[in-house]
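S.K.: Using the hints, build the complex out of the two chains.
Protein sequences, first through last, are from chains A and B. Using the UniProt record's numbering, you'd call the opening residue of the first sequence number 1 and step up by one each time. Using the UniProt record's numbering, you'd call the opening residue of the second sequence number 1 and step up by one each time.
Derived by calculation from the structure, the hints in this document are not laboratory data. Backbone N, C-alpha and C define an ideal beta-carbon position, used for all residues, glycine too. Don't take each hint at face value.
Reference excerpt, derived from the structure (chain A facing chain B, CB under 7 angstroms, subset only) [stated by the list, open to error]:
| # | residue |
| --- | --- |
| 1 | Tyr191 |
| 2 | Ala192 |
| 3 | Thr193 |
| 4 | Ile197 |
Listed below, chain by chain, are the residues.
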Amino acid sequence: MSGRVLVGVKRVIDYAVKIRVKPDNTGVVTDGVKHSMNPFCEIAVEEAVKLKEKKLIKEVVAVSCGPQQSQETIRTALAMGADRGIHVDVSGKDYENLGPLQVSKILAALAKQEDAQLILLGKQAIDDDCNQTGQMTAALLDWPQGTFASEVSLEGDKINLVREIDGGLEHIKINTPAVITADLRLNTPRYATLPNIMKAKKKKIATVKPADLGVDVTSRLEVLKVEEPPQRQAGMKVETVEDLVVKLKEAGRV
Amino acid sequence: QTTRNALSGDKLGNNQSWSPVSVFNVLRSLSAASHGLTDEQKEFQKVAFDFAANEMAPHMAEWDQKEIFPVETMRKAAQLGFGGIYVQPDVGGSGLSRLDTSIIFEALSTGCVSTTAYISIHNMCAWMIDSYGNKEQREKFCPDLCSMEKFASYCLTEPGESACEKTAEFFVGWNCQPTRAVIFEDCAVPVANRLGEEGQGFNIAMKGLNGGRINIASCSLGAAHASVQLARDHLLVRKQFGETLSNNQFLQFKLAEMATKLVASRLLIREAAQALQEDRPDAVAICSMAKLFATDECFNICNQALQMHGGYGYLKDYAVQQFVRDIRVHQILEGTNEVMRMIISRNLLSES
Chain A
1 MSGRVLVGVK RVIDYAVKIR VKPDNTGVVT DGVKHSMNPF CEIAVEEAVK LKEKKLIKEV
61 VAVSCGPQQS QETIRTALAM GADRGIHVDV SGKDYENLGP LQVSKILAAL AKQEDAQLIL
121 LGKQAIDDDC NQTGQMTAAL LDWPQGTFAS EVSLEGDKIN LVREIDGGLE HIKINTPAVI
181 TADLRLNTPR YATLPNIMKA KKKKIATVKP ADLGVDVTSR LEVLKVEEPP QRQAGMKVET
241 VEDLVVKLKE AGRV
Chain B
1 QTTRNALSGD KLGNNQSWSP VSVFNVLRSL SAASHGLTDE QKEFQKVAFD FAANEMAPHM
61 AEWDQKEIFP VETMRKAAQL GFGGIYVQPD VGGSGLSRLD TSIIFEALST GCVSTTAYIS
121 IHNMCAWMID SYGNKEQREK FCPDLCSMEK FASYCLTEPG ESACEKTAEF FVGWNCQPTR
181 AVIFEDCAVP VANRLGEEGQ GFNIAMKGLN GGRINIASCS LGAAHASVQL ARDHLLVRKQ
241 FGETLSNNQF LQFKLAEMAT KLVASRLLIR EAAQALQEDR PDAVAICSMA KLFATDECFN
301 ICNQALQMHG GYGYLKDYAV QQFVRDIRVH QILEGTNEVM RMIISRNLLS ES
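Okay, chain B solo, but in the shape it has when bound (with noise of 0.2 angstroms):
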């Protein structure tokens, strides 16, 4: 069984100088991204803040420094159902939302990102073999995915250069997840391993993504979250001039604008959610336009969070330079930003 000790947080052994867990311990009792759940959703959000607070916070650091895909710390996760999510129970699967999903996630963003992010993709891996495997092939791979004994990947081909192809050896953030070209050569894949039918793949893929962009953009919302609250503690905390930060009103009205693009791009991660659990025409459009949003937002929030701390945010002993590296990417995969203009706009253009 997963446990957790909710009352030794603070004694945690930590080489940093700041706590995380006393931090992320005060982001459990924020109820502000409670706000509009159901009691359920609400159960799920605790769950996920606890996990993210006490197995995941504590280590991101180390995670991110010493380059650890945390094994054993995601099969503790999906041991509580985080392995496939929206993914249906007859195959091991927590069979909840997509809002479910949005949730979770952020919640667990703020733990760690990468880890998270991860985690989203094997989710969004699960789901596809779940929606368009065949009853074989669902019943071979989804349990061993969704209790993560086995771990997915999403790769992406392309003719001429990609971002998959060069080898990705140092990356700036998303240090705890190894991206890495794959190469398959004369490799001979059994159509009993192909899901759905020849030709279908490149529809597949893309609607994978549209959950992925919500999941991705969940989150950044996760890391935006946790960098309000810490810079909000910084302000309250750090005196210039006499008295705290806090008292100066440029940084009063950035953390307000902080704290209200956080909230937009909560509400339209999860209307998009919403849309695309209830399969509405405007789904794709609209998970675009809540990747597009809150990943640009929330990489802003993130990055003004760290000039608010001054030299401070600048070193590694603070984890908000970490939630800055980690979430710059999602401005990047899943599709571009740029690539999720070009949907938008075609989808506003070619309305009749």
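So here's chain A without its partners, still in its complex pose (with noise of 0.2 angstroms):
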């Protein structure tokens, strides 16, 4: 076992921001507006860095696809622990186009060429809300996946893994190599301290493009249109149960 983790962080418009949608409703505003890296992927990076710490794997690699500036979001993720970063450079209509299944067959590739042993990724990004990613990851490699996680211990060869889901929480185990998605109460993740922000200066960050590993990241879906969600209407008074009845039976609600 290499004692590899790939950690995917996805460079996203800070969760703070007030969204606003482009006149021509193409999308989302992102000129000059703040991004940082995906909450869960915080996550993700934070649990990475604390096995790295128990012993129990031996790298954590930090791959971000995007820009150029999303080598700012693997920075953080240096400056949190990880020991290098692999950019995959998308840009452009591509980078507009990039969806989970581009991603998840770009980390099946790298998981490949890098010999992982484990990808962490967080459960979904904050921009699209997909929750696919890790999903297609472990599809695309024939591997458990252990998502929602919010316990993980690695046993030997073998993962214990507690997943929150609908009806309460679920335990698992399942072999490595495996996809592990971080939910909110996995962890809470650390701030970089100032001395690490240094060092993270030096660590290697290698840019490859999709092509080096044999991706194609066209796109088989078209977004139409991007709409700002419908006004909040004003409601209405009522003075008596009977009165609120007969509105609910107007509105076609009963």
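M.R.: So, in structure tokens, the structure goes:
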């Protein structure tokens, strides 16, 4: 076992920013808008670094797919403790159309190239909320998957996982190599320390193109339109329960 | 390891009627303070903003009200490297520049001015030992100061009355840090604990103040930055005369002036930090200018932001009044703004 973990980190619009739809309805405004690492990816990085600190794995490699600015996101992962980074350079229209299917193909190719033992991802990105990349990557590699993980422990060549599901908590045991996606309560990500930020400058980030990995990033999806959610309508007050029932019937709700 | 949880920010239990975390999370997203910074500096700034929003802002009102000196929070900050930002790494410091330091204090100050101002004074003291101490002194004192295992303070004496001699029990602001008269009676200080040579003390103390002035001005910046954001948000929400205050031209113009003075203050402070870092001949004068200009302007900004809140601005439930109270003293300490004028004019008039 190589003891190597790949962690996928995505550059997204910062969670605190108020999102605005572009006037031409083709997407949201990203120019000049603050971006940061997807919060669930931060949790994934934290988990990987913790595993390394426990000496259960040997190397953490942070991967991001996107334009030049994705390197900032990789640097943040390096400042948190990742050992090196791989920037998969995708820009322009290809980047606008980049989705889980292409990313999972890229991650699968990298996992084979890097002989990864584990892939750690956030459960979903806060911009598209797809919640697909982890699952697709596992399927492409034919690896077991532990999604929505709130607890992870390594036991020899197996992984014990607790998953947060609708019905409660599910305990599973899966073989390695595997794909794990991090849910909110898996851990609390650390702050990068000033010394680690400085050390991160010296860590290496390699750049590759999807074609180098034999991946075609052409999208099979076309975004037709992006709109704001409908404005919330004013409600109305009624005097009695009978009035309420009448109004509900009028609105076709009962 | 110091940790935080960006996602559960708005679930913090809070008795206050304002939500500091949501406001300060918006502050994090403002990129204006990041313009012109290197990628590394943006990372430092990000950590400082995050720490301020998550670890300080939720508590700043309580620390002020109960006069709490937040030891645990400051030790957390020290774990991230904030205890000796411009102290050399060989004795536990972070080895960063004056400009890096200014950026960090500006960001931390948005979380609590009083605590950040203390941290900056602590940093100044640690730096003085780092720069002027001998090998034994540096190794003995700096590591504990950088980790904030031990806390430093800077005492000034003056023949006759001075602010430090008056027993300072009740302050308008700066309630998180205890300022007291320190009386040394028949106290023998071992020569081993003297920094530098005999007679050098005044110079060392004065040198420390240049950086201290940039740091205090940076704290004022953070408060002004937060206050502009608070004022802006209030104007967009508060309605009077049938529309939001943001439609009122007088208030629009006032906000524009506040933002302009904020950026001007920031630029002067960062220029002074560069000058000090490079040990330029104009460093003392420009540090004094930065302190004078920024502390005055930033106080006016915070005060104006309070005014824009109307009656709410005067309620302790709202953060803006704490920023006003906390930075008022920055126009007085580290050399009054009148003394700053003395230093600057002396510099101008003595040029041959």
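S.K.: For this structure, which hints from the list above don't hold up?
M.R.: Going through the list in order, the structure violates no hint and respects every one.
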